[in-house]
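Colleague: Each chain, written out:
Protein chains: 6
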Amino acid sequence: MSNSFRPSGRAPDALRPVVISRHFTKHAEGSVLIEFGDTRVICTASIEDKVPGFLKGKGQGWMTAEYGMLPRSTHSRMDREAAKGKQSGRTQEIQRLIGRSLRSAFDLEAFGERTLHIDCDVIQADGGTRTASITGAMVAAYDAFSKLVERELILRVPLRHFVAAISVGVYQSHPVLDLDYPEDSQCDTDMNVVMTEHGHFVEVQGTAEGEAFDRMTMNTLLNLAHDGITDLIALQKEVLGLQVS
Amino acid sequence: MSNSFRPSGRAPDALRPVVISRHFTKHAEGSVLIEFGDTRVICTASIEDKVPGFLKGKGQGWMTAEYGMLPRSTHSRMDREAAKGKQSGRTQEIQRLIGRSLRSAFDLEAFGERTLHIDCDVIQADGGTRTASITGAMVAAYDAFSKLVERELILRVPLRHFVAAISVGVYQSHPVLDLDYPEDSQCDTDMNVVMTEHGHFVEVQGTAEGEAFDRMTMNTLLNLAHDGITDLIALQKEVLGLQVS
Amino acid sequence: MSNSFRPSGRAPDALRPVVISRHFTKHAEGSVLIEFGDTRVICTASIEDKVPGFLKGKGQGWMTAEYGMLPRSTHSRMDREAAKGKQSGRTQEIQRLIGRSLRSAFDLEAFGERTLHIDCDVIQADGGTRTASITGAMVAAYDAFSKLVERELILRVPLRHFVAAISVGVYQSHPVLDLDYPEDSQCDTDMNVVMTEHGHFVEVQGTAEGEAFDRMTMNTLLNLAHDGITDLIALQKEVLGLQVS
Amino acid sequence: MSNSFRPSGRAPDALRPVVISRHFTKHAEGSVLIEFGDTRVICTASIEDKVPGFLKGKGQGWMTAEYGMLPRSTHSRMDREAAKGKQSGRTQEIQRLIGRSLRSAFDLEAFGERTLHIDCDVIQADGGTRTASITGAMVAAYDAFSKLVERELILRVPLRHFVAAISVGVYQSHPVLDLDYPEDSQCDTDMNVVMTEHGHFVEVQGTAEGEAFDRMTMNTLLNLAHDGITDLIALQKEVLGLQVS
Amino acid sequence: MSNSFRPSGRAPDALRPVVISRHFTKHAEGSVLIEFGDTRVICTASIEDKVPGFLKGKGQGWMTAEYGMLPRSTHSRMDREAAKGKQSGRTQEIQRLIGRSLRSAFDLEAFGERTLHIDCDVIQADGGTRTASITGAMVAAYDAFSKLVERELILRVPLRHFVAAISVGVYQSHPVLDLDYPEDSQCDTDMNVVMTEHGHFVEVQGTAEGEAFDRMTMNTLLNLAHDGITDLIALQKEVLGLQVS
Amino acid sequence: MSNSFRPSGRAPDALRPVVISRHFTKHAEGSVLIEFGDTRVICTASIEDKVPGFLKGKGQGWMTAEYGMLPRSTHSRMDREAAKGKQSGRTQEIQRLIGRSLRSAFDLEAFGERTLHIDCDVIQADGGTRTASITGAMVAAYDAFSKLVERELILRVPLRHFVAAISVGVYQSHPVLDLDYPEDSQCDTDMNVVMTEHGHFVEVQGTAEGEAFDRMTMNTLLNLAHDGITDLIALQKEVLGLQVS
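Chains as they are written, first to last, in full-length UniProt numbering: chain A, 1 to 245; chain B, 1 to 245; chain C, 1 to 245; chain D, 1 to 245; chain E, 1 to 245; chain F, 1 to 245.
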């Protein structure tokens, strides 16, 4: 592995070490610290007993997500969005992606008129913050719903299927899994994939930052993502103490 | 065709009638009205003789895009973003997509320290405003660069390849091309594809709004998109008076 | 006329060619494209079934207006107000003017607790965008109220009187009607007049941009405006298929 | 006079008592408290030794104005604009009017690359705050320019002509001068007039809040305004110790 | 006193001349102009017949404060916060301090579901604007509550105790009372003290701008503040016509 | 200790367990996780090679601080300030306090034209976040300056004196040290004290939230703070490997 072309020495199809720590902070109904190598994100899930205006009285729930980076989570310090008075387009794009991904994982009609707020806050960034966020938020959300079961407010966790996410890309002409920052900042193609435990896609977002990519490359990348996400979902279930299918 | 399952009666692989009208307004260096059926977008390209701060002195150019919808371009009136004092996440996501797509089409190092501003303003919306925007902006940008050639500021249009975009999706369990609003608002999967004239992908953004989608479906959708975009690029070249390859 | 001192060759008391196209977009209850020469404005009227808080329960309606310019409607590209996060003082002044003018034209107590939203969006600017906006919005509003009559929600269009607007000014020491951009940018006095079909004033806003103006000049300008607006109102009625009084 | 139809008992052509107090605060180069009856406005003129970007290097000066109301200057407390985070359309309209009026009064090319900032802050409002602001700001600006003369930075006050402003309107069918709040809130027509010492108009802004007005009424109102402003300019000169022409 | 080290020639323990003028403006329920030497602040108290959301239905009242400075209240002109679109951190800190101080002076449960809005607007600044604001607002609030008594809406002014405020500091190594601007801008330690008529502290905010200060200094400063505030409270009662205890 | 009146069972003069973990994140020049019991704050210090405009060319450095709370660091989820588009008054007050405290600890003239940005982000809140922030930021700043020494950019850490901060208050009529959330939310008096290693005060901010407090109480509180801060500074030095004086 030491003669890998990847800066980290990883094999092309190797994830970084992934660690998911539950109950990371004490107030949130679900709170997870997820690490994809040096990328560390705190994902919390908070339950609120009401829904946004457009859903009032419809008897269903809602899930929404917000995303942020600590100013010095990155190589050089970024301006604080709260101080600038607005969230960047990138931030909004990511939090919309997290929200859609999590809403696909749960049955919104099975937990009453409640909102589950997902907060993903990046403590340290080294590539893949949005995929780590989705993967960690899945566990935090599961824990939060388990709290509602414990409190006997719902009968069971309203799970449709587990989801997890990973990035794939073309780095130095090779398809690779789980790009870290040195790879991400120089790759030609970058694709973020969100997939269910059944191998179905929830989101596929591929961008050619350099050369446009062909169908063959796309297929290889999707294969890599499929295997990586399968491993991540197994890990999610393991840390939750669920039987891995 | 009248027994189609599509509300418009179109075949699954049929584009709506597409019309590209150049020189739509008089001040912009490039100005195009593009129509995808009832979706109508004004795309202008404006040249400014300077670049953003992060590129100053590097001898290269930049392209950036903004997107907006007239308040009553939609079925019910939307709030005006200028009055609300901020652009929605959706708006920012779309204008980032347009910008990346157009930057891939031209050689940023071949037109000096200039910025090309793309503005895509939706006059009437009926689904597919972002793909119409990209497809129209390609022509507007080509015209704007032609102005620089005419003025003898650059030798030739700094074209890398033509790009166009189309949406595909799964509507009533069938893969279809170029979703209009009645389809878009009820489809399970929605995918926006940006492709070059050589059949390579610049962007693939697939979202499962209902059921997650499998690889087979994804392949069918990409095939549909490939053919649709091929037709759109032929049309772009035709309206520009270029030889269709 | 070719030896006119006006850049356009027009006689001092000549309007530019005025075209009013109804049903310009399909979603709005009223939608008009109005052209004063090269100035082109889309005016839409949208009906909402509620009134602002200060009118709730009073049994009367409200009309309000917003105004915007596409970034490249002008000679050099302007910043997009939605991106800057605020509307300029000029924009707010114009939309307040449009709103007051339209509210004077209709009987606010005769169409129930509804709000009519006027949107005037400038596609191409060549002077006189606010007067074109008012003149076009009058027709769009009439169409929107006609929709309420068609739907049998009100008995008749709650018209008090037609209004239209035109600019007059002193260009190269001569009073002239309907200033285009080359004139507007160099004139000494600029006056915008909103008048009813009965020759009464709704708004008179005269500004000496260079030399202050005397009473004699003011009277000449008001005469020019009177005749121009009389013609505009005849055209409004004609395109609406009403008998010109 | 006690049988006047005006709530204040004034004759139709009577100004309220007007008091102009110079040197009201100590830091500003020009500082005036102006009172039109119960309307009290602090007008300051501040000199800054630079001009806005668009004038840099052109060798001329600039004048600009801002306007504000203390939250409880009015009958019921208004929200503080600084707390709301934006200035209303009304505020912006007024400060643009004050700025244009003052720029017409002085020769912008005769005081170097300096900006004169006018601030008009309403301490107590009882109608006519914008006309009091213009009238008071004229004196404050004159004082500020006199400071530059004292400091031997310019040879003389760069005066083109004195300007002052007054409102006129139709109250209970009668044309009246200098509307106070009880009149202003119920009048049919409201016109603000800014005029030079030579009787020429700088601004005429007439609005029919109720019935539209005819030419005859307009002429009567302008006559009233002419006489009122003539008196105000005489007072401005008197408090400045200048010979009244 | 002329050989004092203080720029003003004052003794170390001397207040500047303090003047409190009631009924300064006519609309507010309480309106006071307070002067601490050249520092002049308009303090108004406005009564609104409702409480913020978090207190609705609890049967108690609320008091809140806002603070502002006229742009040219200071030596060089500051930007207007309403134009910048936000209040500075300093402004927010001061208005929170004023609000807490005033809420401690009155019994919030004794005047029903009403809000008393305090507005402190600095007309001229020469140091000590926040302490003058608190001291003046106390009188304005008392007057406003007296209005409620007059209108027979409450039985008596819901006073807990009088409060007033003063600054103390270390200037040229000497503890001094009531710093003016020349002292404030060069002092080592600056402390603002809010105290009740019974000699108890409501707020003590000491900041070492240069050298940190020791306990001895702190005690001396608190002694100075105690005596100064005692005098201010005597004056508050005197201008209100109350018996000085 | 089990029969303490404090909810935590602590003695009145007992700190919570304090843990300071250096090198918590990898990008920042200084990065500390500080824990005061359940309160956990990430404090980073980032060096930038330029100073704000007002210091340019003066040859000195600057230190500034920002503060934030993760939305679910608190009992119930707070709105994200970046999403609301502005920082609260409380946030601004705290970050100003942290900035002043840190600036007093270092010699701004001894590290060139550089800015040290302090970021304090609360991961979990249980009272005392601002005092934990200051105490942790001191260590992060020390580490950051040590980096400059290592890189041979300055000769030694430009330390003036160590500072740390603690809260004290009156809870159930007893003076106590280091209030946790259950105490803080119900105490009568809350005082935040910032002190140097020499026992001198940098900031004393005492607020009577309920009953005003007398001099005796104040002295007791300052004694408690003195002892607590002395312990904190010993810990700071210990974790930095410095000799405790």
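Since the hints were derived computationally from the structure, they do not count as laboratory data.
Just so you know, not all the hints are guaranteed correct.
Same chains, same names: a pair is fine if it fits in one copy or spans any two.
Unchecked claim - Taking lysine-lysine pairs in the DSS-like style, the calculated list, with each CA pair at most 27 Å apart, reads: (1) K26 <-> K58; (2) K58 <-> K86; (3) K56 <-> K84; (4) K86 <-> K50; (5) K58 <-> K237; (6) K84 <-> K26; (7) K50 <-> K84; (8) K147 <-> K86; (9) K26 <-> K50; (10) K84 <-> K237; (11) K26 <-> K56; (12) K50 <-> K147; (13) K237 <-> K147.
Colleague: Hints the structure violates: just list their numbers, smallest first.
Modeller: When the structure is compared with the hints, numbers 1, 2, 5, 8, 10 and 11 turn out to be violated.
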